[in-house]
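Protein chains in written order, with my numbering: chain A, 1 to 448; chain B, 1 to 448.
To be clear, the hints were calculated from the coordinates, so they are not data collected in a lab. Everything numeric in this text was worked out from a predicted model, so none of it was measured. For every residue, glycine included, the Cβ atom is placed at its ideal position computed from N, Cα and C. Among these hints, one or two may not hold up.
Here are the simulated DSBU-like pairs of lysine-lysine, each with C-alpha atoms no more than 30 Å apart in a straight line [claimed, not checked]: (1) A/K17 to A/K221; (2) A/K142 to B/K345; (3) B/K221 to A/K345; (4) A/K17 to B/K203; (5) A/K221 to B/K221; (6) A/K154 to A/K142; (7) A/K203 to A/K161.
The following label-pair restraints were derived from C-beta to C-beta distances [to be verified]: (8) B/E67 to A/E9: 45 to 53 Å; (9) A/K193 to B/S199: 25 to 33 Å; (10) B/M416 to A/M348: 35 to 43 Å.
Protein chains: 2
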Amino acid sequence: MINTLYLPELREMLAAKDEAGLREFCEALHAGRTAEFMEGLTPLEAWGVLRAASSQARVEIFGYLEEEVQVGILESGDPAELAPLIADMPPDDRVDLLHQTDSSIVETVLSLIPTEERRDILRLRAYPEETAGAMMTTEIAKLPENLTVSEALKEIGRQAKDLETIYYIYIVDEEDHLRGLVSTRQLVTQLGKPETLLSELMKRDLVTVSATDDQEAVAEKVADFDFLAIPVVDAEWHLVGIITYDDVIDVLQEEATEDAHLAGAVQPLEEGYLATRLFLLTRLRAGWLTVLFAAAILTALLLQSYDAALEEVTWLVWFVPLVISSGGNTGSQSATLIIRALTTKEIMPSDWSIVLWREVLMGCLLGAFLATIGYVAACFLAPSAMAALVIPVTIFLVVICGTILGAMLPLLFQRMGLDPALMSTPFVAGIIDIVGIVLYMNVAIWLL
Amino acid sequence: MINTLYLPELREMLAAKDEAGLREFCEALHAGRTAEFMEGLTPLEAWGVLRAASSQARVEIFGYLEEEVQVGILESGDPAELAPLIADMPPDDRVDLLHQTDSSIVETVLSLIPTEERRDILRLRAYPEETAGAMMTTEIAKLPENLTVSEALKEIGRQAKDLETIYYIYIVDEEDHLRGLVSTRQLVTQLGKPETLLSELMKRDLVTVSATDDQEAVAEKVADFDFLAIPVVDAEWHLVGIITYDDVIDVLQEEATEDAHLAGAVQPLEEGYLATRLFLLTRLRAGWLTVLFAAAILTALLLQSYDAALEEVTWLVWFVPLVISSGGNTGSQSATLIIRALTTKEIMPSDWSIVLWREVLMGCLLGAFLATIGYVAACFLAPSAMAALVIPVTIFLVVICGTILGAMLPLLFQRMGLDPALMSTPFVAGIIDIVGIVLYMNVAIWLL
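Take these sequences, add in the hints, and give me the full structure.
Pasting the structure below:
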């Protein structure tokens, strides 16, 4: 989705080295909008535009550029010019970015960044991806508890330019132990009593996370409590960082994409559909396809082993896709419902008995319903109404198996400490294909 | 996931009418945590606990209770006691709640609420669900532009107790036209120059939404720009409401659930898996299953029509599930990737040519890969290596059809103004089953 409105103008200004024009473009709008208008520029062009901006506008707009453009700029620009930009970026964003960038370039840029900032980057880079540590920022509004409301507001005003958020102010002791939280809202409400001490206002019962917590769990916590930010503490209760709502939104979107991809049997992509190289994407798809294909080869071997029965009663063959897709579709539904309910923490593996009970009941109802339609269809194609009974009986059984397997496999995966989303729709369908054929052939042999 | 730690104690206090104990329980912790500890209580019990709380704690905890408990309380409590609670709730949350509650009870409670609040509820209730109007709150920090920084801070401190957020302050003229935005952060930073006018500080280039915009589009906008809130304006640029980040997070989660359900061919649930009545859930599942079943009956009819060929070359039958699942699985992958890329606005229907090109290429690669494995398997089961060629040729073609259909159908749906997620994984798989059988039989007739 590229807005090409400004691109020709920007390219003209770049060619004419019209620094004043470019600077005006960078300052006129909200940085997010400016970045939108720059979509479609090459990294080199984008960097040309940003070089004309003030250092503040530059870092803001840079933050809204797409990741591939950011990486492109880092990998093609002059490290001496890039270092101040990296030093100005929010700590959490720059660590994400450096993770994506060629490491030799990262080392060069890092060597040009002031020692203190560099240490901060190295510390955050040490946390594994997808953990709270990798999400958090280290720029925190921190104050001691013995300040008054009016002192606190002035001090926060002074700190503000370096901080991502000033709306949650964390109260710490001399050794950075987290003691409490005061919101800027409380301070503003208390303006009538400017001498009130922070220690009187602060909340002491804080919800915190640890730097090694999984990002998904952190995001769910912030979302549940409607927090603007959540503090990250270590084992000694030192305040090591905060995670803000905007990063939580990013993580929730990322996780939704990951789950959607798994549900479609695609290994989740790091980047977008168009941004992922064709061969990489093909490889990511081929993995799961091979697993599913192996299951499908089993169906061929199974059908071969029932060859005698099939040659005798040829009309049975016509219903093979119908029978297995009935099970596959109900199984997919159950798996989808259970995986999503596990993700949103509505159910836990320990709820398996109530889930099983519901799925068996729904399996009976849906099975009876589909079996009825199936019987009508079978009566037209089978030699007798009696013989046609094979179809509804099989459908009924296979639908119940579908609901049970579809619901229980994700629960089993979760219990085993694996991602239940791995037990995805096509995977469940693949297993049920095999079960379906075995059931079908045995019902047929038994009834005919 | 119920935390049963406090339940026996709470029930004991309720039985003993221990108001002081209950009140202490309600005030001691963050309201979100208190609500967590109350999970597992019946609505009647929960209301018993809340009645002991101060009116402020009561409305806060109530806001964190699960929706079914909130509705249960409304439908069983005394309207005269409930009216003040509803009057204190944030406007956006209470409208959502009243939408879910029995309408005769809503009318009784509404009649007991002060006129101005009642009008606000009725106005917000008039917006269709899933629109910006239904998401927004009408409690907005609003100031005229001729105030100074210090006047503004004092005034916001006075208004704070009725507002959901005080961090974005909207600058309006006498007729409530939106003129600009000042953040509390700017005010705090300017404390050194308390005489600065808001008109000098305010940002005039605002990103806004209209009350009739779809909630998903609004959520994406707020998420992209990392806003704390976004203003809702009418055609004359009157400020009618704001939408805050926490509601955006809720909508993003809601939409992710909806898309996940559609991808599994389940009509999206209004409530959770366990909270939805069994018969309703069965009905929601039966709808899509019937559509898919109808497609599967077509496969049976198709196979019947190719009966002569199948009776002659029986081994072909064994590969029917393999052939159609190859197409179904690659088609599901393509549909998943494209639907998600459309949802995250990474691609637009107008990108169809680049998508088609990529999918054809990937289809060729994946098709060649699966065809090779398929050929090896077929050589074992088919009478000759020449005859076995039917399998790889069909797989190759069906995989390409799968990628093309899987990618193009969601784009087509989006272009037609429908939700691309409707063209969900099992639906695409169902269509490809039919295409697969036709291809298979024709390749077989041609080659053998």
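### Straight-line alpha-carbon gap A/K203 to A/K161, limit 30 Å
25 Å, holds
### Task
Would you check the hint for A/K154 and A/K142, treating anything up to 30 Å between C-alpha atoms as holding?
13 Å, holds
### Query
Holds or violated: A/K221 with B/K221, Cα cutoff 30 Å?
23 Å, holds
#### Entry: Pairwise beta carbon distance, B/E67 to A/E9, judged against the given window 45 to 53 Å
Given about 50 Å between the Cβ atoms, the range holds.
### Task
Take a quick look at whether A/K17 and A/K221 sit within 30 Å of each other, Cα to Cα.
With a Cα-Cα distance of about 49 Å, the restraint between A/K17 and A/K221 is violated, given a limit of 30 Å.
### Task
For the pair we were handed, A/K17 and B/K203, check the Cα-Cα distance against 30 Å.
29 Å, holds
### Message
For a C-alpha distance cap of 30 Å, please report whether B/K221 and A/K345 respect it.
### Response
Satisfied, since the Cα-Cα distance of roughly 27 Å is no more than 30 Å.
### Query
For the pair supplied as a hint, A/K142 and B/K345, is the alpha-carbon distance within the 30 Å limit?
38 Å, violated
### Message
A range of 25 to 33 Å was offered for this pair. Does it hold for the Cβ distance of A/K193 and B/S199?
### Response
Check passed, 29 Å falls within 25 to 33 Å.
### CB-CB spacing for A/M348 and B/M416 relative to the 35 to 43 Å hint
Distance hint for B/M416, A/M348 holds at roughly 41 Å.
Checked against the numbered hints listed earlier, the structure breaks hints 1 and 2; every other hint is satisfied.
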